[in-house]
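Q: This is what each chain is made of:
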Amino acid sequence: QKEVEQNSGPLSVPEGAIASLNCTYSDRGSQSFFWYRQYSGKSPELIMSIYSNGDKEDGRFTAQLNKASQYVSLLIRDSQPSDSATYLCAVKRNTPLVFGKGTRLSVIA
Amino acid sequence: DAMVIQNPRYQVTQFGKPVTLSCSQTLNHNVMYWYQQKSSQAPKLLFHYYDKDFNNEADTPDNFQSRRPNTSFCFLDIRSPGLGDAAMYLCATSRDTGETQYFGPGTRLLVL
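So the sequences go chain by chain: X and B. The numbering of the first sequence is our numbering, which starts it at 1 and goes up by one. The numbering of the second sequence is our numbering, which starts it at 110 and goes up by one.
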């Protein structure tokens, strides 16, 4: 079983819709969780981090963590074409972070 | 602005010709990382430094070496690049291991 799993996509959503990106992880002892956005040919940039069960909101982005289910998700409200990118989930297992392969999101205008 | 800088942004080298990629940071972070990322793949950690302590990933080829002469700078040396080493090389830093990592813009390496 891979340590951090994401559906590679592409996930296509219409402009203005909610995009839901999911990530599962195998190590129940994982402590910290991160979402990065990566545009094609660019480096990853941090969107959000989450450490406790529940929801964390930042603007149009909401991260959701469920440690019992070993599941972390990212919701993007009012999706824009500029949100089209690959979204990487990263998990702190021991040291350092373990990255998933990413989900490619395409927002259709 | 505090940041992570990588030079050069694009590097072309010949098969077997040694190449060095550079990373510097103004964040004063303890940890510096080097990742290799190929198209449609996750960033693959090659090694990281916690201060001067070097930590090599088990599956990193011997062809890849690193140096960190001081807190601000870290170098990736590829001793004999092969065609399979063509990739984006990402440098990242964090205050401590497992904390938020901040990435530089990357160096895209092409091997001819």
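Derived by calculation from the structure, the hints in this document are not laboratory data. Heads up, the beta-carbon is just placed ideally off N, CA and C, and yes, glycines get one too. Do not take every clue at face value.
Partial list, computed: chain X residues near chain B (C-beta under 7 Å) [said to hold, decoys possible]:
no., residue
1, 10
2, 11
3, 28
4, 39
5, 43
6, 49
7, 95
8, 96
9, 101
Which residues of chain B face chain X? A few of them, derived with a C-beta cut under 7 Å, are [stated by the list, open to error]:
no., residue
10, 148
11, 151
12, 156
13, 196
Q: Taking 7 Å as the limit, does the beta-carbon of residue 39 of chain X come near enough to a beta-carbon in chain B?
A: Because about 11 Å separates residue 39 of chain X from the closest Cβ in chain B, which is outside the 7 Å limit, the hint is violated.
Q: With 7 Å as the cut and Cβ atoms as the points, is residue 10 of chain X at the interface with chain B?
A: The hint is violated - residue 10 of chain X has no Cβ within 7 Å of chain B, the shortest such distance being about 11 Å.
Q: Min Cβ distance, residue 11 of chain X to chain B: is it shorter than 7 Å?
A: Hint violated; residue 11 of chain X Cβ to chain B Cβ min 14 Å, cut 7 Å.
Q: How about residue 95 of chain X: closest beta carbon in chain B under 7 Å, or not?
A: holds (4 Å)
Q: Answer holds if the nearest beta-carbon of chain B is closer than 7 Å to that of residue 49 of chain X; otherwise answer violated.
A: Holds: closest Cβ of chain B sits about 6 Å from residue 49 of chain X, inside 7 Å.
Q: Can the hint on residue 96 of chain X be confirmed by a CB-to-CB distance to chain B that is less than 7 Å?
A: holds (5 Å)
Q: Let me know if the C-beta of residue 148 of chain B comes in closer than 7 Å to any C-beta of chain X, holds or violated.
A: violated (9 Å)
Q: Go through the hint on residue 101 of chain X and say holds or violated, using the shortest Cβ distance to chain B against 7 Å.
A: Holds, because the Cβ-Cβ distance from residue 101 of chain X to chain B comes to roughly 4 Å (cut-off 7 Å).
Q: Min Cβ distance, residue 196 of chain B to chain X: is it shorter than 7 Å?
A: Since the shortest Cβ distance to chain X is 12 Å, the answer is violated.
Q: Quick check on residue 43 of chain X please, does its C-beta sit within 7 Å of some C-beta on chain B?
A: For residue 43 of chain X, the interface hint holds, since the closest Cβ of chain B sits about 4 Å away, which is under 7 Å.
Q: Does the CB of residue 156 of chain B sit less than 7 Å away from some CB of chain X?
A: With a closest approach of 10 Å, the residue 156 of chain B hint is violated.
Q: Next item in the hint list is residue 151 of chain B. Is there a CB on chain X closer than 7 Å to its CB?
A: holds (4 Å)
Violated hints, listed in ascending order, are 1, 2, 3, 4, 10, 12, 13; each of the other numbered hints is respected by the structure.
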